[in-house]
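Student: When you get a sec, could you build the whole thing from the sequences and use the hints?
The listed protein sequences derive, respectively, from chains A and B.
Residue numbers for the first sequence follow our numbering, so the first one is 367 and each next one is one higher.
Residue numbers for the second sequence follow our numbering, so the first one is 756 and each next one is one higher.
Among the hints, erroneous ones may be present.
Below, computed lysine-lysine pairings styled on DSBU-like, alpha-carbon distance capped at 35 Å [what the hints assert, rightly or not]:
hint: 1; chain 1: B; residue 1: K1002; chain 2: A; residue 2: K490
hint: 2; chain 1: B; residue 1: K973; chain 2: A; residue 2: K387
hint: 3; chain 1: A; residue 1: K410; chain 2: B; residue 2: K1129
hint: 4; chain 1: B; residue 1: K1078; chain 2: A; residue 2: K410
hint: 5; chain 1: B; residue 1: K1017; chain 2: B; residue 2: K1002
hint: 6; chain 1: B; residue 1: K1017; chain 2: A; residue 2: K453
hint: 7; chain 1: B; residue 1: K973; chain 2: A; residue 2: K453
hint: 8; chain 1: A; residue 1: K410; chain 2: B; residue 2: K1096
hint: 9; chain 1: B; residue 1: K1002; chain 2: A; residue 2: K387
hint: 10; chain 1: A; residue 1: K410; chain 2: B; residue 2: K1236
hint: 11; chain 1: B; residue 1: K1018; chain 2: B; residue 2: K1227
Just so you know, the hints here were simulated from the structure itself, not pulled from any lab data.
Source: prediction; values computed, not measured.
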Amino acid sequence: MSNKVIHVLYNDDDILMDAVKQTRAAHHHIEEIYTPFPVHGLDKAMGLAPTRIAICSFLYGLVGLSVATAMMNFIMIHDWPQDIGGKPSFSYIQNMPAFVPVMFEMTVFFAAHLMVITFYMRSKLWPFKSAENPDLRTTDDHFLMEVAVSGDESQLVSFFENTGAVEVKVIEKH
Amino acid sequence: MYTFSSRLKTIAFVLMILGVLGIGYSFFTAPKTVEDVEKILAADSHHNGGHAEAAHHDEAAAPEAHTAVKEESHAVEGVNGGHDTIHAETAVVNHDNHNEISHEAHGAEAHDAHAEHEHHLKHVLSQLQNKPWAGVYVAALFFMLISLGALAFFAIQNAAQAGWSPVLFRVMEGISSYLIPGAVIVFLLLVAGVLQFHHLFVWMDPDVVAEDHLIQAKSGYLNGAFFLIRAAIFMGGWIFYRQYARKNSLAQDDATDNSFYKKNFKASAAFLVFFIVTESIMSWDWIMSVDPHWYSTLFGWYVFASFIVSAVTVIAMVAIYLKSLGYLEYVNTSHIHDLAKFMFGFSVFWTYLWFSQFMLIWYADIPEEIVYFKMRIENYNLPFFGMVVMNFVFPVLILINTDFKRLSWVIVMAGIVILFGHYIDFFNMIMPATVGEQWFIGAGEIGAILFFLGLFIFVVFTALTKAPLLAKRNPLIEESKHFHY
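Tutor: Written out as structure tokens, the structure is:
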């Protein structure tokens, strides 16, 4: 079965935004959009679900706080409660101000790094990954919208040519 | 144009009347003589129990504490020989425990139990006589600093040429209008201190200074005349900027060019320089000097963080109130969201400074610095740590969520907690040095809050009726109207 898509190229982000709205209104399914830079409001226009990465980060921060607390409670209070310069090591709360810098940094460390790793995993980014851009110009100055072909192909092509596209191509995808 | 609803005006007057009654009651019931104190202490069995316990504890700790508080011992020694014990006692109120320790140590040598008891009663009397004044002072300072914070925030927005906030300028100007009556009241309270009507500032008492070589060494800075001159210059400068900026802001509405806007830009930049210097000195003068034996370097920033977050909260709450009545046409949830981000950010900033100050002193544990926190942790445990929950934990957990920052009821709820938290913060700065263990949030303190709240509402909302709530010809107003985040 053939798996055809249309690649529509634009050279302006405003035209792209209008085209996205028209395409959505005409109920064509947008597979993907490639842009050289973030286009403000594009995700809303495409109807993408909001990201949940901030929620992940908050939870990772809690993990970091727990790790720091458990670590220092074990080392400083339970394993070897030495008197170091008169600091009260009888219970965690008594010596807590001295642990706060570590607790804070660990919270930030876990929240930041685990969130970044989550981002890489979810967006499938890693070293030696082969690039997926369908047209080299999309990293420089062109915007590309990929739409699945369904129904009349020539009608679709003429629809996208009317949205201000600089180029419309029908591609066989493997 | 905004019209001051008669219902809100009635509320403001009711608050003021209730406040005056509460303040009057607390002054009326404050003990006048040592005999009154004896009766109060006898009636308050709980306090007696606590005192006995404290005495026992002191006895055990006396030998090592004695060396640590040599300074204080000298002060008390002088008091025992002098005539005016009340004032001198107040000098070391913030070192309450040490005071008692050293007193006990001396008592064993030179004084009988009766003199010791008498001495204690006079000490408590001075604290109880300070209490109504301290309640009024904390509330007066708190509300004045809120309006000063709103003014500083307004100046920052002008100097930074912020594109989101011009639709809120009239709200900020309205809140800063309280600066004039608020500063006058605080100034009168300071004058009353210098004239010895109250004894919140022990270094103002010549009998105390005569016995205390630590304060003597500071008297080049801490003396009544210089103190009042400084206060007048600071308040005069702030009020001058406020009036000038307001005048230019109104003139810009009917102008044909942007000259008034440029004037305000320059004035705001100059004011911010003046503000940060005077704010720092103000915090030493009006707040830190109630503990003249103690000092902290980042205190000015700490006080600033406390009132700027309160000010942003009040701006948000007034904006939400006016918006709910349909007066702020162009204020949308993005503006509220931005204010909520400032509330969140400044709350964390406050906590950072609070903890930095606390942890540095706790860690090094130098006796002359640690007494400040020892006193607060032992006698003000709930307010001292409770305010960290109210000013940090609660706002951080509530205002971290983007969606919550757009909901009016969440902002108002978080705002109320933040405002109470920062009132407690100022309470914690002033009370331990002035009323010591005799603190209680009763009629006097609540009355003072209600009175100044009523006055604040009355002055601010009256000022809001004086000008249109949209700054018309501000060069950034179009951007601000269409601001969305």
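Student: If a hint holds in the structure, say so; if it does not, say that too.
Tutor: Status of each hint after checking the structure:
With a C-alpha separation of about 58 Å, the suggested pairing of B/K1002 with A/K490 is violated against the 35 Å cut-off. Under the criterion of a C-alpha separation no larger than 35 Å, the hint pairing B/K973 with A/K387 is inconsistent with the structure, at around 72 Å. Of the pairs offered as hints, the one joining A/K410 and B/K1129 is violated, with about 55 Å between alpha carbons and a cut-off of 35 Å exceeded. Annotation: proposed proximity of B/K1078 to A/K410 holds, straight-line Cα distance about 27 Å (limit 35 Å).
Simply put, B/K1017 and B/K1002 have alpha-carbon atoms about 13 Å apart, close enough for the 35 Å limit, and the pair holds. With a CA separation close to 56 Å, the supplied pair B/K1017 and A/K453 exceeds the 35 Å bound. Pair hint B/K973 plus A/K453 holds up; C-alpha atoms about 33 Å apart against a cutoff of 35 Å. Note on A/K410 and B/K1096: the hinted pairing holds, with a Cα-Cα distance of about 23 Å set against a maximum of 35 Å.
Note on B/K1002 and A/K387: the hinted pairing is violated, with a Cα-Cα distance of about 47 Å set against a maximum of 35 Å. Restraint check for A/K410 and B/K1236: satisfied, since their Cα atoms lie roughly 22 Å apart, inside the 35 Å limit. Pair hint B/K1018 plus B/K1227 holds up; C-alpha atoms about 16 Å apart against a cutoff of 35 Å.
When each numbered hint is compared with the structure, violations occur for hints 1, 2, 3, 6 and 9.
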